[in-house]
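2 protein chains.
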Amino acid sequence: MIADPDFDIFHPEPLLIVISGPSGVGKDTVLQRMKERGLPFHFVVTATTRPKRPKEVNGVDYFFVSSDEFARMIEADELLEHAIVYNDYKGIPKQQVRDALASGKDVVMRIDVQGAGTIRKLEPEAVLVFLTTRNEEEMVNRLRARKTETPEGLNLRIATARQELKRVDDFDYVVVNSDFLLDETVDTIRAIIHAEHHRVHPRKVSL
Amino acid sequence: MIADPDFDIFHPEPLLIVISGPSGVGKDTVLQRMKERGLPFHFVVTATTRPKRPKEVNGVDYFFVSSDEFARMIEADELLEHAIVYNDYKGIPKQQVRDALASGKDVVMRIDVQGAGTIRKLEPEAVLVFLTTRNEEEMVNRLRARKTETPEGLNLRIATARQELKRVDDFDYVVVNSDFLLDETVDTIRAIIHAEHHRVHPRKVSL
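Heads up: the protein sequence lines correspond to chains H and D, in order. Per numbering that gives the first Met the number 0, numbering of the first sequence is gapless, rising by one per residue and ending at 206. Per numbering that gives the first Met the number 0, numbering of the second sequence is gapless, rising by one per residue and ending at 206.
What the hints contain is simulated information worked out from the structure, not anything from laboratory work. Hints may contain errors.
Think about it this way: if two alpha-carbon atoms lie no more than 20 Å apart in a straight line, the pair counts; the simulated EDC-like pairs of lysine to aspartate or glutamate are [stated by the list, open to error]:
hint: 1; chain 1: D; residue 1: Lys203; chain 2: H; residue 2: Asp171
hint: 2; chain 1: H; residue 1: Lys203; chain 2: H; residue 2: Glu12
hint: 3; chain 1: H; residue 1: Lys203; chain 2: D; residue 2: Asp168
I would like the entire structure built from these sequences, with the hints used as guidance.
This is how it looks when you write it as structure tokens:
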């Protein structure tokens, strides 16, 4: 690449960045702050069959679709990845990711730990970031604070999160998302993306 | 590591960062700006037998030593790496690097392309950053502007730099150090170090 005088190092291959981690680590909050800060990434909108929470907006936070529509998307192979998460379906619309990468933009997607493993297999060149809390207590407190769960649902999430914490080894990077340091988390994710663009052997996503 | 509640992710293993690249890409200038910006790294002071340039300070820019003293350091195995660069010897005092790493500080060293290859073999866990210019013209102009060379010396440096540009594949990261974007270069190096500290499988330097 150095031999090509027209090569412009500041316009490298776009990256596929997966932000994952157990329930309660604050994936949504981190993504929200990244958007608020106007970072120049394409943020993937996930399709889901789960009910909309009060503050969520369709097409912005998620595409809220019916089970029938979700089934159609699976049949038509329109989803990059999909999974059942706490009895609800979530999936990444494929074309959206392709369009964003084709436009040269880095693509950032939030995805559950289970789904991140699938992405790794489908697209080994993806950059996988595992968000975690400083300790388990902080994670449990966050799940409790969410107050959208029944007691049984909460216990299920805590048990699952404990298992998911063990999956960190499958990821490229780990970032502690502490309660009062949200901007540091975002800064670290930016640094990871910045650094990845300077790899001598760049990742080439081919979806 | 997640299982250990005492693990503090913000105090990870110190890194060994090698800033390299052909003559004329501005390695010294980049290191100088990193120091001016007060970045919290240990900057290795290289020992050299070459004559001091007017603005250089002994013990700060280099340790300027006699050929006899350099020979003694080689014999006593006090150098991590040493090489002949344009008829002068340069070497990295080993103990200095060990002391800095032991204190938990990331160690940054500037080293010629030839020496970076040696470091890679001695310490595979080092982070190797290759500085380059946007194109060859910019590199040649910088070498000319230095005005510390005879015409023959300049031609030798240009020829060597051309060869060294081909060694980029042996490095981890490549950073274009453009003339008017010195702070961007430093920001990128910082991002690389920041990101490296968040690798799930951290590099462990064992010198």
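#### Entry: Unsatisfied constraints (hint numbers, rising)
none
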